[in-house]
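A.B. asks: Could you build all of it, start to finish, from the sequences and the hints given here?
Here's the letter readout for the chains.
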Amino acid sequence: MEQIICKNLSFSYPLSDSNTLESINFSIKKGEFVVLCGKSGCGKTTLLRHLKKELTPAGKRSGEVIFNGAEISTLGDRDAASKIGFVMQNPESQIVTDKVWHELAFGLENLGEDTASIRLKTAEMATYFGMQDMFDQKISELSGGKKQMLNLASVMVMNPEIIIFDEPTSQLDPIAAGNFLTAVSKINRELGITVVMTEHRLEEVFSCADRVIVMDSGRITIDCTPDELSEKISGTDEFVKLAMPASIRIHSQLSKGKSPLTVNSGAKWLSSLFEEKKLETTRIEPKEFEIKSNAIEIKNVFFRYEKNSTDIIKNLSLDVPEGSIFAVMGGNAAGKSTLLKILSGALKPVSGKIKIFGENIKKSGASVVAMPQSVEALFTRKTVREELAEMKASAEKTEEVIILTRIAGLLDRHPYDVSGGEMQRVALAKLLLKDPGILLLDEPTKGMDAEFKTVFAEILYKLKSKGKTVVMVSHDIEFCSVCADFCTMIFDGAAACVRDSNSFFAGNKFYTTSANRLSRHIFENCVTDKDVIELCKKNLK
Amino acid sequence: MKSAFCRCHPAVNLIFFGGVIVFAMLLNHPLFLGISMLSSLAYAVKLKGKPMLKTFFLFLFPLLIGVTLINALTAHYGVTKLCTLWDGNSLTLESIVYGAVTGALVVITITWFMCWNEVVTEDKFMHLFGKRMPHLALLVLMVLRFVPLYINQLKEVMDARKNAGLESEGKFAKIKNACHAVSGVVTWALEHSIETADSMKSRGYGLKGRTSYSRFTLSPADITMVAAMIILITVIAAGKIFGSINASYNPVIRLSGATPLLIFTAAFYAFYCFLPIFFDIEEEIRWNRLYAKT
Numbered sequence: 000m001e002q003i004i005c006k007n008l009s010f011s012y013p014l015s016d017s018n019t020l021e022s023i024n025f026s027i028k029k030g031e032f033v034v035l036c037g038k039s040g041c042g043k044t045t046l047l048r049h050l051k052k053e054l055t056p057a058g059k060r061s062g063e064v065i066f067n068g069a070e071i072s073t074l075g076d077r078d079a080a081s082k083i084g085f086v087m088q089n090p091e092s093q094i095v096t097d098k099v100w101h102e103l104a105f106g107l108e109n110l111g112e113d114t115a116s117i118r119l120k121t122a123e124m125a126t127y128f129g130m131q132d133m134f135d136q137k138i139s140e141l142s143g144g145k146k147q148m149l150n151l152a153s154v155m156v157m158n159p160e161i162i163i164f165d166e167p168t169s170q171l172d173p174i175a176a177g178n179f180l181t182a183v184s185k186i187n188r189e190l191g192i193t194v195v196m197t198e199h200r201l202e203e204v205f206s207c208a209d210r211v212i213v214m215d216s217g218r219i220t221i222d223c224t225p226d227e228l229s230e231k232i233s234g235t236d237e238f239v240k241l242a243m244p245a246s247i248r249i250h251s252q253l254s255k256g257k258s259p260l261t262v263n264s265g266a267k268w269l270s271s272l273f274e275e276k277k278l279e280t281t282r283i284e285p286k287e288f289e290i291k292s293n294a295i296e297i298k299n300v301f302f303r304y305e306k307n308s309t310d311i312i313k314n315l316s317l318d319v320p321e322g323s324i325f326a327v328m329g330g331n332a333a334g335k336s337t338l339l340k341i342l343s344g345a346l347k348p349v350s351g352k353i354k355i356f357g358e359n360i361k362k363s364g365a366s367v368v369a370m371p372q373s374v375e376a377l378f379t380r381k382t383v384r385e386e387l388a389e390m391k392a393s394a395e396k397t398e399e400v401i402i403l404t405r406i407a408g409l410l411d412r413h414p415y416d417v418s419g420g421e422m423q424r425v426a427l428a429k430l431l432l433k434d435p436g437i438l439l440l441d442e443p444t445k446g447m448d449a450e451f452k453t454v455f456a457e458i459l460y461k462l463k464s465k466g467k468t469v470v471m472v473s474h475d476i477e478f479c480s481v482c483a484d485f486c487t488m489i490f491d492g493a494a495a496c497v498r499d500s501n502s503f504f505a506g507n508k509f510y511t512t513s514a515n516r517l518s519r520h521i522f523e524n525c526v527t528d529k530d531v532i533e534l535c536k537k538n539l540k
Numbered sequence: 000m001k002s003a004f005c006r007c008h009p010a011v012n013l014i015f016f017g018g019v020i021v022f023a024m025l026l027n028h029p030l031f032l033g034i035s036m037l038s039s040l041a042y043a044v045k046l047k048g049k050p051m052l053k054t055f056f057l058f059l060f061p062l063l064i065g066v067t068l069i070n071a072l073t074a075h076y077g078v079t080k081l082c083t084l085w086d087g088n089s090l091t092l093e094s095i096v097y098g099a100v101t102g103a104l105v106v107i108t109i110t111w112f113m114c115w116n117e118v119v120t121e122d123k124f125m126h127l128f129g130k131r132m133p134h135l136a137l138l139v140l141m142v143l144r145f146v147p148l149y150i151n152q153l154k155e156v157m158d159a160r161k162n163a164g165l166e167s168e169g170k171f172a173k174i175k176n177a178c179h180a181v182s183g184v185v186t187w188a189l190e191h192s193i194e195t196a197d198s199m200k201s202r203g204y205g206l207k208g209r210t211s212y213s214r215f216t217l218s219p220a221d222i223t224m225v226a227a228m229i230i231l232i233t234v235i236a237a238g239k240i241f242g243s244i245n246a247s248y249n250p251v252i253r254l255s256g257a258t259p260l261l262i263f264t265a266a267f268y269a270f271y272c273f274l275p276i277f278f279d280i281e282e283e284i285r286w287n288r289l290y291a292k293t
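Quick note, the sequences are listed as chains A and B, same order. So the first sequence is numbered by numbering that gives the first Met the number 0: it starts at 0 and just counts up by one. So the second sequence is numbered by numbering that gives the first Met the number 0: it starts at 0 and just counts up by one.
Wrong hints could be hidden among the right ones.
[To be verified] With a straight-line Cα cutoff of 25 Å, these simulated BS3-like cross-link-like pairs (lysine-lysine) come out:
#: 1; chain 1: A; residue 1: 313; chain 2: A; residue 2: 352
#: 2; chain 1: B; residue 1: 200; chain 2: A; residue 2: 82
#: 3; chain 1: B; residue 1: 200; chain 2: A; residue 2: 433
Don't read these hints as lab results, they were simulated from the structure.
C.D. replies: In structure tokens:
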């Protein structure tokens, strides 16, 4: 049964000449899991908002959106609120109340349910999502992943038939994102709730999605099953290719036909490719990096937040070579962000020494700048141009940085009005105007789609070629594997080891890229798609 | 839980604290003030532990002395002259005593409110006042959530600017820098509140007939407590009305003597003021007895 039907939907925002949505036609069956993908700014969010009555944007609209057989705007307010759920990107700003139990009850209070039924329904949801332990907690004490899970639960408690997700995991770390997507696919499978989701991380949703819809500048370009999409992937544009799971990306470069969708099936396919063949080269040599001097030297640093609390950083020693891109990885609360704050001088270590370019940290001054995790904190002006002017750099320098970070088209926009990936680049531009020797980045790829990541990596390469040192704290394994020269893992307040990125990821079993996981039984040291494709091509000749 | 009384229904807490505050105002007889002060301090120490003793000696006790002194030096009523002050006014016993009584009243009120803060959490407060005005209650709740959120963001912005090398020297430049930070926070807050509003709308906020959910239910112990408090309050109020407890300090100190009625009322008053502590002790005995059995 068709639950949602879009017929010839076109839409333009007020004061805009062009249509944001252009004759959209699709239908969604009850219980389907539909993934919607496309570049940022292609109209995904606008389309999703048309599926939720309360959030439908104002503007010129033609065509129909039909929910359960009736035009969506004729749906009663009560049904519109409870039957269609909507989960947004930012975990924090969707939350209304201060306690977990109250947030769960919020929607039911609005529907005017009585105390007894609210008690039962919140209890049921808290149990289903395993939230009993945090039922009484203050929401401000929860991690981002838990907050987003709570947002899902407080929509679920209203008993929706369909839930719409607008990039729900873009602000989460990979493990929290994985948990979240597992929960989503669970409610889809077990409760038959229809799911419509936009998502960058296709790697994980691909295997549980029934259908993939690709959008480009307001139109639907592809609408098919993941299997079918993997077949015609070579005919699509760059964005779609980059967003695909590693197994499809590698497969599409080497052969035609149906691709394996998961790491497991990708590994099997790779084995079958080289069955009964003698392999010439099975190893990629790590990129050489000549260490001249160290930009940062950390020796036996200890840190804790309060006098009597436990140490967050314990006896940490680390050398960061000058001119390298250095990735610091590790789980939540391992001390990564604390380390960055110590390096930027925002926090003082309890004991130990830190030298920046051979000098004591206090004297180094402006040669270190740090980009915060939520870059919005850097913006205080009305336009991007004013933001840059605030740094008081010369006109030539400003021009150079604008070209480097590719933000020339954004100068007259409000810094909050640009997309996530662009916002990161504006923030980066602002920092580069200080002409720092060392750049500290905290989760720079958060909220970026695959294409923006490629651009961002290119910018980092350019900075490196100019002799700048980049230290980034990141959860993004794929990005670090492509971009970083050195990687280290912080665990329990100390750095586990420092290796070049190839040997680092090749040495890990779980904490490594999909390309590595699907090729490790045949090839050594292959970490990126490029490595795997290169070796395959060599051996297949 | 620091005290079993915290587990009681918010209405029980409200009646109790309402009672002690009102009685403290009405019963300014030294014996009754002493009972109230002792019980409030004892309960505050039970709730907050050792830091409360520090608060008492460093803040509350000096406050009591201070109020006494100010009253003694500025008010000059009373018939019992002790000496003449440097400005020609006289220091009287009545003004000292009345100063001490006022000081005690201030200390008692502060201490009971400290206990209130520990016992009546935001949840309980919302239960007490949210039923009548669900929309206002929600507004208060959102403010409670947003204030720490905004303060935190201001800190983030200041840190971010510092780490970007945007720190400025000089008073004027610093103020300017802070203004930019605040303006950044305001933009951020507006931007995020749009999303919050969307989230509220999409979960049906604004529909007619909003209810206010509360997790509190009346237990038999709560009902017993309410009954006990009503009896105690009635007896104490009767004692006051029938004139057993009178105290006036101007121009002459006149206190009701230790009549049987006064002692009787004082005993009831003490029982009322120490009620949370008795409740805790009762709970503890019951727990220990059950625990010893198993």
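A.B. asks: Each hint: holds or not?
C.D. replies: Hints and how they fare:
1. 313(A) - 352(A): holds (13 Å)
2. 200(B) - 82(A): Cα-Cα ~13 Å, so holds.
3. 200(B) - 433(A): violated (43 Å)
Checked against the numbered hints above, the structure violates only hint 3.
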